[in-house]
Amino acid sequence: KAGVTQTPRYLIKTRGQQVTLSCSPISGHRSVSWYQQTPGQGLQFLFEYFSETQRNKGNFPGRFSGRQFSNSRSEMNVSTLELGDSALYLCASNEGVGTDTQYFGPGTRLTVL
Amino acid sequence: AQRVTQPEKLLSVFKGAPVELKCNYSYSGSPELFWYVQYSRQRLQLLLRHISRESIKGFTADLNKGETSFHLKKPFAQEEDSAMYYCALKAGGSYIPTFGRGTSLIVHP
Numbered sequence: 001k002a003g004v005t006q007t008p009r010y011l012i013k014t015r016g017q018q019v020t021l022s023c024s025p026i027s028g029h030r031s032v033s034w035y036q037q038t039p040g041q042g043l044q045f046l047f048e049y050f051s052e053t054q055r056n057k058g059n060f061p062g063r064f065s066g067r068q069f070s071n072s073r074s075e076m077n078v079s080t081l082e083l084g085d086s087a088l089y090l091c092a093s094n095e096g097v098g099t100d101t102q103y104f105g106p107g108t109r110l111t112v113l
Numbered sequence: 001a002q003r004v005t006q007p008e009k010l011l012s013v014f015k016g017a018p019v020e021l022k023c024n025y026s027y028s029g030s031p032e033l034f035w036y037v038q039y040s041r042q043r044l045q046l047l048l049r050h051i052s053r054e055s056i057k058g059f060t061a062d063l064n065k066g067e068t069s070f071h072l073k074k075p076f077a078q079e080e081d082s083a084m085y086y087c088a089l090k091a092g093g094s095y096i097p098t099f100g101r102g103t104s105l106i107v108h109p
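Just so you know, the sequences run in chain order L and F.
The first sequence begins at 1 in the numbering used here and counts up by one.
The second sequence begins at 1 in the numbering used here and counts up by one.
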């Protein structure tokens, strides 16, 4: 099976702009999670979608939002970008039930200038 | 709420030396514990989970419920072990693991 893919791989934006990141999970996986990875904070959970519904949410402001489509692909959106949003955004997928391992994508590197 | 603490941001050892990456957790129930690894320019991937009781790439980790720890150990470090290591906990009934902040392991030749 193909792994988790994320697009784009790199993005440069300026403060105040908005951005949309995309994630395609492994075929058959219904759960998609998003994480923000920074050197100082490590991996911080943003939210998880399962069968098009947000099932879990981390402690991030409302500027961060997401959605999941019927084919399990997911997008996350960040509005009104701030310098502190610069990070590697990781997407992970799993089957969504039981004790499944999470499979991570390569990430999207977002730089906010 | 659960918490995972990795007290060392950086661990530097020489090839052949023993390695122990520390992980402590706080959770009142029965957790599932994992170690994930991220090699340079590669994606984050599962290294091992405590329920499997397996050794992967020479690494082992034992869940110590009394000390609420899940330290990752390897008797003889190799240069290719240099990577970022994350400890993670999944609480009962939760679908999402909580990650520690990670420890960067550098193995010098």
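Hint data in this document are derived by calculation from the structure and do not stem from the laboratory.
A quick note: this is a predicted structure, and the numbers were derived from the prediction, not measured.
Errors might be hidden in some of the hints.
As the list claims (entries may be wrong) - Derived DEER-like restraints, expressed as beta-carbon distance ranges: (1) F/Arg3 to L/Arg55: 17 to 25 Å; (2) F/Gly92 to L/Glu52: 20 to 28 Å; (3) F/Glu67 to L/Leu113: 40 to 48 Å.
Stated by the list, open to error - Derived list of chain F stretches under chain L, where covered just means 3 residues or more per stretch with a C-beta under 8 Å from a C-beta of chain L: (4) 39 to 45; (5) 54 to 64.
Don't be surprised by glycine CBs; every beta carbon is placed ideally from N, CA and C.
Against the structure, the hints come out as follows:
For the pair arginine 3 of chain F and arginine 55 of chain L, the supplied restraint of 17 to 25 Å holds, since their beta-carbon distance comes to about 21 Å. Take glycine 92 of chain F and glutamate 52 of chain L: their Cβ atoms lie about 25 Å apart, and the range 20 to 28 Å holds. Checking the proposed 40 to 48 Å range against glutamate 67 of chain F and leucine 113 of chain L shows it holds: the Cβ atoms sit about 45 Å from each other. With a cut-off of 8 Å between beta carbons, the stretch 39 to 45 of chain F has 3 residues touching chain L; three or more are needed, and the interface restraint holds.
Only when three residues or more bring their CB closer than 8 Å to a CB of chain L does the claim for the stretch 54 to 64 of chain F stand; here the count is 0, and the claim is violated.
Comparing the model with each earlier hint shows a violation of hint 5 alone; every other hint is respected.
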